[in-house]
Amino acid sequence: MEILVCVKRVPDTAENEIVVNSKGTDIERGDLVYSVNEWDNYAVEEAIQIRDRVGGSVTVITVGDSDSEEILRREMAMGADKGILLSDDAFNGSDGRGIAAILKAEIEKGKYDLILTGALADDGAAQIGGMLAAMLDMPYASVVNKIETDSDKMIRIGREIEGGNQEMSEIDLPCVLSIQTGINEPRYVGIRGIRKVASVEIPVHGAKDLGIAAGSVGAAGARVKRVDYFVPPTGEGAEILEGSSDEIAEKLIELLKSKGGIK
Amino acid sequence: MTQQIFAYITHKNGTADDSAFELIVAAKKIDSSASVTAVVCGEGADLDTVCKQVAAVYPEVWKVSNPALAYPNAEIVRGVLATLLPAGAITLVPHDTFGMDLSPGLSIKLNAAFVSDVVGIEGIDNGNLKTVRQEFGGQVSTHVLCDISAGAVLNIRSGSFLSDDSKASGSVVDKSGQAGGCVSRRRFLQVVAAEVGDVDITKSDVLVSVGRGIEEQENISIAQELADAIGAVVSCSRPIVDAKWLEKSRQVGTSGKTVKPKVYIALGISGSFQHLGGLKGNPFIVAINKNSKAPIFQVADIGVVTDLLEFVPELTQKINEMK
Amino acid sequence: MMAGVLHITLFAGFMILSLRSITLVILGISDGFVLPGLGGTTGHLYSILKDIAATAVFLACMVGMVRRGIFRPERYAVPRRYGKDHTSEAVFVLGLITTLVTCDMIFEGTRVAAQIQKGLHAEYLFPGMGTWMAASMLGGKSLDTLQHLHLASFFLHNLVFFFFLCFLPMGKHFHVITSIPNVFFMKLRKGAIKPVEWGVDETKLDELKSFGVKKFEDFTWKHMLDFYSCADCGRCSDQCPANAVKRPLSPRFISIKCRDYAFKNYPLRGDMTVKDEALIGTILSEDEIWSCTTCGACEAECPLFIEYIDKIVDLRRGMVDEGLVPQSLQKPLKAIEKRGNPWGKMEKKRAEWTKSLPEDCSVKLFENGDNARTLYFVDSISSYDDRMQDIARATACILSAAGENFGILGKDEKDSGNEIRRFGEEMLFQDIKAHNTEAILSANVNKIITADPHAFNTLKNEYKGLPPVEHISQTLTRYISSGSIRLKPAEDDGKVYTYHDPCYLGRHNGVYDDPRQALDAIPGLKRVDMLKSRDRSFCCGGGGLMLFYEPEEEQRMGVLRVQMARKAGATVIVTACPFCLVNMEDAIKVSGLEGKMEAIDLSELIVRHLKTA
Chain A
0 MEILVCVKRV PDTAENEIVV NSKGTDIERG DLVYSVNEWD NYAVEEAIQI RDRVGGSVTV
60 ITVGDSDSEE ILRREMAMGA DKGILLSDDA FNGSDGRGIA AILKAEIEKG KYDLILTGAL
120 ADDGAAQIGG MLAAMLDMPY ASVVNKIETD SDKMIRIGRE IEGGNQEMSE IDLPCVLSIQ
180 TGINEPRYVG IRGIRKVASV EIPVHGAKDL GIAAGSVGAA GARVKRVDYF VPPTGEGAEI
240 LEGSSDEIAE KLIELLKSKG GIK
Chain B
0 MTQQIFAYIT HKNGTADDSA FELIVAAKKI DSSASVTAVV CGEGADLDTV CKQVAAVYPE
60 VWKVSNPALA YPNAEIVRGV LATLLPAGAI TLVPHDTFGM DLSPGLSIKL NAAFVSDVVG
120 IEGIDNGNLK TVRQEFGGQV STHVLCDISA GAVLNIRSGS FLSDDSKASG SVVDKSGQAG
180 GCVSRRRFLQ VVAAEVGDVD ITKSDVLVSV GRGIEEQENI SIAQELADAI GAVVSCSRPI
240 VDAKWLEKSR QVGTSGKTVK PKVYIALGIS GSFQHLGGLK GNPFIVAINK NSKAPIFQVA
300 DIGVVTDLLE FVPELTQKIN EMK
Chain C
0 MMAGVLHITL FAGFMILSLR SITLVILGIS DGFVLPGLGG TTGHLYSILK DIAATAVFLA
60 CMVGMVRRGI FRPERYAVPR RYGKDHTSEA VFVLGLITTL VTCDMIFEGT RVAAQIQKGL
120 HAEYLFPGMG TWMAASMLGG KSLDTLQHLH LASFFLHNLV FFFFLCFLPM GKHFHVITSI
180 PNVFFMKLRK GAIKPVEWGV DETKLDELKS FGVKKFEDFT WKHMLDFYSC ADCGRCSDQC
240 PANAVKRPLS PRFISIKCRD YAFKNYPLRG DMTVKDEALI GTILSEDEIW SCTTCGACEA
300 ECPLFIEYID KIVDLRRGMV DEGLVPQSLQ KPLKAIEKRG NPWGKMEKKR AEWTKSLPED
360 CSVKLFENGD NARTLYFVDS ISSYDDRMQD IARATACILS AAGENFGILG KDEKDSGNEI
420 RRFGEEMLFQ DIKAHNTEAI LSANVNKIIT ADPHAFNTLK NEYKGLPPVE HISQTLTRYI
480 SSGSIRLKPA EDDGKVYTYH DPCYLGRHNG VYDDPRQALD AIPGLKRVDM LKSRDRSFCC
540 GGGGLMLFYE PEEEQRMGVL RVQMARKAGA TVIVTACPFC LVNMEDAIKV SGLEGKMEAI
600 DLSELIVRHL KTA
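Chains as they are written, first to last, in numbering that gives the first Met the number 0: chain A, 0 to 262; chain B, 0 to 322; chain C, 0 to 612.
Extracted from the complex, chain A is given alone in its bound form (with noise of 0.2 angstroms):
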């Protein structure tokens, strides 16, 4: 199974401090250390496990610039066979559709089974994968935490639901999958596996070699713009407790007692 897998580079959330910057225009990133996005580090993993199971090969494609490099790299060092990099001035600013139309314009360039992307990434917005599978006409789920491989005209997977349940569908190949967190346990890529693949060519393509019109994508074609960061007005919130920890627990005792807390 021929299988690609989009990833982003984001800012590693565990112990980043995420302050908006003076001027509310974009966050402090000076002292920000950046990782591959969790939700396509699993994706990778899945790929890779499903490529070991049936043969094939795995790529992993970002838009981004030259830093993103690292993170193909990092995923090449998981297991994934290629990678690829979508880099032109012309993309920045893009928004959810551009980002979608660039990745569309390099896959079809391929021929590709399976498309996996994560569920979400820094910013919270889950649409690459659904934009992507209407753009290229191919069946999509989302949150997938289960791929079993039948055949190669179709799949089945698990979609993540509330409470907890399992949706099990079948869906034809090809198809594209946004994979939730969970869904495997992603194995360690440690520095010697990062340095064996230090010097293979990653390829760049640009907007001229993907046949984009520069206008369509970017900031110019940009339908949803951010304008600024902030932090909302706290307003009301909860009444903080003060005192000695002797007193807050006291407090809260009583608080407890009169909202039938104990019993």
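Read the hints as simulated data drawn from the structure, not as lab findings.
Everything numeric in this text was worked out from a predicted model, so none of it was measured.
For each residue, glycine too, the CB sits at the ideal point set by N, CA and C.
Incorrect hints may have been included.
[Claimed, not checked] A short list of chain B residues far from chain A (calculated; beta carbon distances all over 12 angstroms): (1) ALA55; (2) ASN65; (3) ALA86; (4) LEU109; (5) ASP164; (6) VAL172; (7) GLU194; (8) LYS202; (9) GLU217.
[Said to hold, decoys possible] Label-pair restraints from in silico Cβ distances: (10) THR12/A - ASP306/B: 17 to 25 angstroms; (11) THR12/A - LEU356/C: 29 to 37 angstroms; (12) GLU73/C - GLU253/A: 31 to 39 angstroms; (13) GLU69/A - ALA433/C: 49 to 57 angstroms.
[To be verified] Straight-line C-alpha distance at most 27 angstroms; calculated DSSO-like pairs for lysine-lysine: (14) LYS110/A - LYS108/B; (15) LYS195/A - LYS463/C; (16) LYS333/C - LYS7/A; (17) LYS289/B - LYS258/A.
Go by the hints and put chains B and C onto chain A.
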């Protein structure tokens, strides 16, 4: 504004989802004078019941009945909506797993713009709709301008627009015949129910819930001791289940259980909306977290900013001494 | 203790009887043969000694067979997942040895009985010994019978002797032969993990095709010799703290399983079936190998000096190379890669602990361009953990009070990497080592002091080209004896202190007395030692990345250690390692002993008793 506004209604077992009554409120924020049309897909008696419920609030309801729509399949619904909706329509969809399945692709088919997970709407400015979204797991908010001139699909986060009590007596129009063929390359098989664990957290009036702030699996005993002292049950957020420290049946959240307790004590929980999405009703929420900026303090009634690993055992001790 | 006494008897007996055994063989060819040097009085004395030895061996075997075969002590049990029980092999060998000495007693006894009957000069037999008993019991038999018994016992002895020699390499008694080369080739340089491959320089590691041990054949020849040399005594597992808390690790069975693997695939007779199969997942499990805290108790205990830590690290290197790392460890490893500390906290906050120092204590910051003669290497946990920052502050105060001209690297310091290497991520270790080495050398210092034994171990033993490294306890010895700091008396509060030897300070680096001397320098401080102390100290649970690993265990190692402290009559556990402190404080809470037991770091204790001028 001349564009029509539509609301996609999700429902189960003959009951419209809460979101149905929130979407119309959101629609009014886009255009207060708009006539909003609800679209309900399904089949049989359940569908009719839902249409009636919805007609009490929406001025017009489009009913699409087809055996293929007995189980909500986003692939089929997308085709239906793409056929039925007029050019330039503004479509509101709830941002749940169905909405995530349906809307991105729908926006492409309709050649409309798409804004995901909208938490606020601030009106139209020069053909652009100003919406509010969140990024980085809810740590920051952003204003997003959406060019709606060619139409738009908006996924609305549940609970962002509280339903008002406005009434209507809408007419139900059967659009089943115009919906087109309901075929799909994705076929529903079955729903596998989540495992029933040893404890049913949905049955307890008081919950002591743990999040990442509990730090280690062994510390969960601190929460259990508090729960024992006050007659509560221990629940948790998703990261605890992902780490396999507690069973899935203990998880509160959109991908876990929906609970309606009287009292909810959140220990070391940041308050992501996926977690809070599982907390319904109007519980008395107590949040204990050492990060004063945690979003949970926005929704909690009472907050204690302290190290829960130190404070909670003290609290438990005091409660036990009282008895 | 019993097992030790029995074995020493057998071992010493073997040594003494070896001469007799040789004699018995050659007697078959050359009548009246006597070993050179064993003629005359020496020979007679030796004969008595041999009789005593043979009797002692006989008794030891009897006790051994009853003990192993009937009483079956718990510690010899073989859990089902490790294979068949070893009792039959043990009893069989004891039976062979019994036969050997009995044959000798009868051989000698019948000869002396015949000599007495014939009126010849009889060899002197020590009364009460086995040979004497044999001679007495058989004294009345006919000469014919004696002759037959004499010959039968001779042939039986030699038969069993040669059988035993051939049997040796087929079981645990191979150690009789391999122990000599095994001890000779033992590892002398403790504290440092072996290179990925001997002879391959660190700079050439990228050229290696594979890292670590994945198949049996990847082990070094010395490690394979270790497997053959294991005497199955189980002392390693008895001391192993992971085994004590019922983690899926028993060092003894790592050796035995690998030895059995070698026997199966590389038999003495028949074809070698070289399998290209991974050890992990077949005879060894992932959790088994990740459970080890690298404390070294097994190595300290093994009578044959078998190494375990290097093998475990090599197996981990193999797993890391294949991506088989538990999710709980992937996060801190990634965090170290990105941020230089396992919590992923920002580099610029590494020196924040200095902000709440008391006024009279100042710390220079090399990151700001300050100069100093000494570097205080703080390492990650003491820099970032709220509680452990107290240790950093206490250490800084001690250095300040003694007038030391010192500084810290601050954001230029990354994790020392001790655990990274021991968890098999060799390349990340090399990267971090290079970074830290450069930062340290740029600081241009004469000396490095650290309060973290893990940092101490790796900086001293594994980093190259650094100025001398010492642990704060060693620094304190100097300060106290030179009078740079003075200590005021302990409060009369009835507290009894015990010092817990951290693995990386004690066992791995031999520093036992300096911390004790520092404690004893506090006048009036009551100190006791736990039964398991110094090189027999019991690991607290592990440091570095071990804090993040989620093991399967019945209880925590720290809990057992706290109980040991109580048993020794202590109310305060003094540690000289931040990880030990974390584990002790945790254990005290988990055991519900707050108020009855407390834990404190050496630096903190000293600071409390500093006599300010």
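(message) Hint by hint, where does the structure go against what was stated? Just the numbers, ascending.
(response) Hint check: 4, 7, 12 and 13 fail, others pass.
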